[in-house]
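K.L.:
First residue of the sequence shown: 1, per the numbering used here; consecutive thereafter.
These are calculated hints, taken from the structure and not from any lab test.
Source: prediction; values computed, not measured.
Think of the CB as a built atom: it goes at the ideal place given N, C-alpha and C, for glycine as much as any other residue.
Hints may contain errors.
Once the Cα atoms are required to be at most 27 Å apart in a straight line, the calculated DSSO-like pairs of lysine-lysine come out as [claimed, not checked]: (1) 251 <-> 270; (2) 251 <-> 262; (3) 255 <-> 270.
Derived DEER-like restraints, expressed as beta-carbon distance ranges [as the list claims (entries may be wrong)]: (4) 64 <-> 228: 25 to 31 Å; (5) 186 <-> 126: 19 to 25 Å; (6) 187 <-> 81: 33 to 39 Å; (7) 198 <-> 101: 22 to 28 Å; (8) 185 <-> 101: 36 to 42 Å; (9) 187 <-> 141: 37 to 43 Å; (10) 227 <-> 144: 37 to 43 Å; (11) 183 <-> 228: 25 to 31 Å; (12) 182 <-> 142: 23 to 29 Å.
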Amino acid sequence: MGTSAASSGAGSGVPFDPPWLDDVLPDIPGDGKPPLPEKPNNDGEDKPQPNEQPNRSPAVAPRARFSNARRNLGEFIRTGDREAFRSAIGHYSRSGMGGARRVANRMRVSTRSAANLFHVLQSTRDNSDPNISEWVRTLLARSTSAQDIVNEIIRYVAPNGGSVEENSCRDSMAFALQDLLANDPNVDLLQLGDESIWTLIESFLGYEASSRIYFDNGAYFENKEFSVQTVLRMNEMYDYLRADLSAQIGKLRQKTPNATRKQLQEILQKAVENTFQVYEDSL
Numbered sequence: 001m002g003t004s005a006a007s008s009g010a011g012s013g014v015p016f017d018p019p020w021l022d023d024v025l026p027d028i029p030g031d032g033k034p035p036l037p038e039k040p041n042n043d044g045e046d047k048p049q050p051n052e053q054p055n056r057s058p059a060v061a062p063r064a065r066f067s068n069a070r071r072n073l074g075e076f077i078r079t080g081d082r083e084a085f086r087s088a089i090g091h092y093s094r095s096g097m098g099g100a101r102r103v104a105n106r107m108r109v110s111t112r113s114a115a116n117l118f119h120v121l122q123s124t125r126d127n128s129d130p131n132i133s134e135w136v137r138t139l140l141a142r143s144t145s146a147q148d149i150v151n152e153i154i155r156y157v158a159p160n161g162g163s164v165e166e167n168s169c170r171d172s173m174a175f176a177l178q179d180l181l182a183n184d185p186n187v188d189l190l191q192l193g194d195e196s197i198w199t200l201i202e203s204f205l206g207y208e209a210s211s212r213i214y215f216d217n218g219a220y221f222e223n224k225e226f227s228v229q230t231v232l233r234m235n236e237m238y239d240y241l242r243a244d245l246s247a248q249i250g251k252l253r254q255k256t257p258n259a260t261r262k263q264l265q266e267i268l269q270k271a272v273e274n275t276f277q278v279y280e281d282s283l
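Let's have the full structure, built from the sequences with the hints guiding it.
P.N.:
Encoded structure:
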């Protein structure tokens, strides 16, 4: 798998949840006039209102917050030991991020993007949203190549900016869509069934979770000693995370079979939380 570039890793004494995160939440496709293919988004588009937060100082991260996670990640990279992987993710969640709920909250740009992607793909198939239908007509009048459709879906759905979260969402959506095409080169991305859309969402969130862990653990992943193993283990990490996210999503979505977009994001948020809670509970 590919990832967004790593940083030196998140440090101590900073909020677990950065105050600017709500500013990069993606707009909701279909709620306004859709962008025309190949043209840049308008800078003046309305942005969603930030979630109301209690008037209190944010919790800050402790010193050496990722030390246990990194130690176990090193063992996993060297040996491929599954228990080392589970311990690494459990420590990442508990001490590195302050708990599974905080991990899910930190990934709310990802879950909102996933909910938007589900809505757009379902609406293109069902012709149920006039604005999205207009976007589809404009797109198909210009091109029907699979790669053009992938690019336009990403541009329409993913947040468009330069933050780590926004870049990661766009990369993860590209990886997930390309995986879908690799598995079935003849698939029509604008006529996907619900199960195919769910598979795409699970893949996207698997990439997002992997990217988050990669970024937060910084240049550690780029240690030359681990260069060959890291490529293999990152792919394994994605596979494990995707499988566990898929299991949690499968449980939750059965309870709300015809979820609204808001309910869908809540399902995905809870699935992320439950996934990381399972890793914490294994410690």
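K.L.:
For every hint, state whether the structure bears it out.
P.N.:
Now for the hints, and whether the structure bears them out:
1. 251 <-> 270: holds (11 Å)
2. 251 <-> 262: Satisfied, since the Cα-Cα distance of roughly 18 Å is no more than 27 Å.
3. 255 <-> 270: holds (13 Å)
4. 64 <-> 228: 25 to 31 Å: Since the Cβ atoms of residue 64 and residue 228 sit about 28 Å apart, the hinted range of 25 to 31 Å holds.
5. 186 <-> 126: 19 to 25 Å: holds (21 Å)
6. 187 <-> 81: 33 to 39 Å: holds (36 Å)
7. 198 <-> 101: 22 to 28 Å: Holds: the Cβ-Cβ distance is about 23 Å, inside 22 to 28 Å.
8. 185 <-> 101: 36 to 42 Å: holds (40 Å)
9. 187 <-> 141: 37 to 43 Å: Since the Cβ atoms of residue 187 and residue 141 sit about 21 Å apart, the hinted range of 37 to 43 Å is violated.
10. 227 <-> 144: 37 to 43 Å: holds (40 Å)
11. 183 <-> 228: 25 to 31 Å: holds (26 Å)
12. 182 <-> 142: 23 to 29 Å: holds (24 Å)
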